[in-house]
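J.: Use the sequences and the hints to build the structure in full.
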Amino acid sequence: MQTPTTQHRVVGVLLAAGQGSRYGMPKVLAHRGAWLRSAVAALRGGGCSRVIVVLGAADTAVPDGAEAVYAPDWREGVGASLRAGLAAASGDPDADYAAVHLVDLPDVHADAVARVIAAAAATESGLARAFYGAGPGHPVVLARGHWAAVSRTATGDLGALPYLREHPGLVRRVDCDDLATGVDRDTR
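Quick note, the working numbering runs 15 ahead of the 1-based positions in the sequence shown.
Hints may contain errors.
To be verified - The following label-pair restraints were derived from C-beta to C-beta distances:
no. : residue 1 : residue 2 : range
1   : A137      : R90       : 32 to 40 Å
2   : P87       : H46       : 22 to 30 Å
3   : D190      : E82       : 28 to 36 Å
4   : G60       : A83       : 15 to 23 Å
5   : D109      : A83       : 16 to 24 Å
6   : A49       : D193      : 19 to 27 Å
7   : A102      : G148      : 29 to 37 Å
8   : D172      : T196      : 17 to 25 Å
9   : H182      : R37       : 29 to 37 Å
10  : M40       : G184      : 33 to 41 Å
Rather than coming from a laboratory, the hints here were simulated on the basis of the structure.
Just so you know, even glycine gets a beta-carbon here, dropped at the ideal spot from N, CA and C.
T.: This is the structure in structure tokens:
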């Protein structure tokens, strides 16, 4: 992997395609779109020059500064959303990193995104993941060289987890519990 510089471009990939069955509605629509707006702002403010919002169960307008991509197989789980988002990011020849984030993390803001991007930029592997206390969370930053392999292993509701577990020595742990709880909201 190439060591990144400030000239590298980061694309935000916001996973927001789910039905939100435990929540009772698609979370992309939660609080009249406030979670969506907050997550897009976190990615943009954290250093992403482009933000891709992956939709599925609900079709909604995305905030200015973001673009929508539809995951036709969203019912398969977050893995399908991640594959759709990385495929869209791959179409950008200038994209070097993807910062993967979830729509149901309303207390994760730009400072956490920026911290994880900086950590990925400081590693040879280009892989970094936010941790909140002892638990892993989001965002997860992936250098472009990992996208194809992550997409091949992203199934069900595991997303990038199989790939990250397969390469634990390459993933930089980034403590962010001083910035947010990182707890996803599964119920109202």
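J.: A separate judgement is required for each hint: does it hold in the structure or not?
T.: Against the structure, the hints:
no.: 1; hint: A137 to R90: 32 to 40 Å; verdict: holds, 38 Å
no.: 2; hint: P87 to H46: 22 to 30 Å; verdict: holds, 27 Å
no.: 3; hint: D190 to E82: 28 to 36 Å; verdict: holds, 31 Å
no.: 4; hint: G60 to A83: 15 to 23 Å; verdict: holds, 20 Å
no.: 5; hint: D109 to A83: 16 to 24 Å; verdict: holds, 20 Å
no.: 6; hint: A49 to D193: 19 to 27 Å; verdict: holds, 24 Å
no.: 7; hint: A102 to G148: 29 to 37 Å; verdict: holds, 33 Å
no.: 8; hint: D172 to T196: 17 to 25 Å; verdict: holds, 21 Å
no.: 9; hint: H182 to R37: 29 to 37 Å; verdict: holds, 30 Å
no.: 10; hint: M40 to G184: 33 to 41 Å; verdict: holds, 40 Å
Violated hints are absent here; each numbered hint is respected by the structure.
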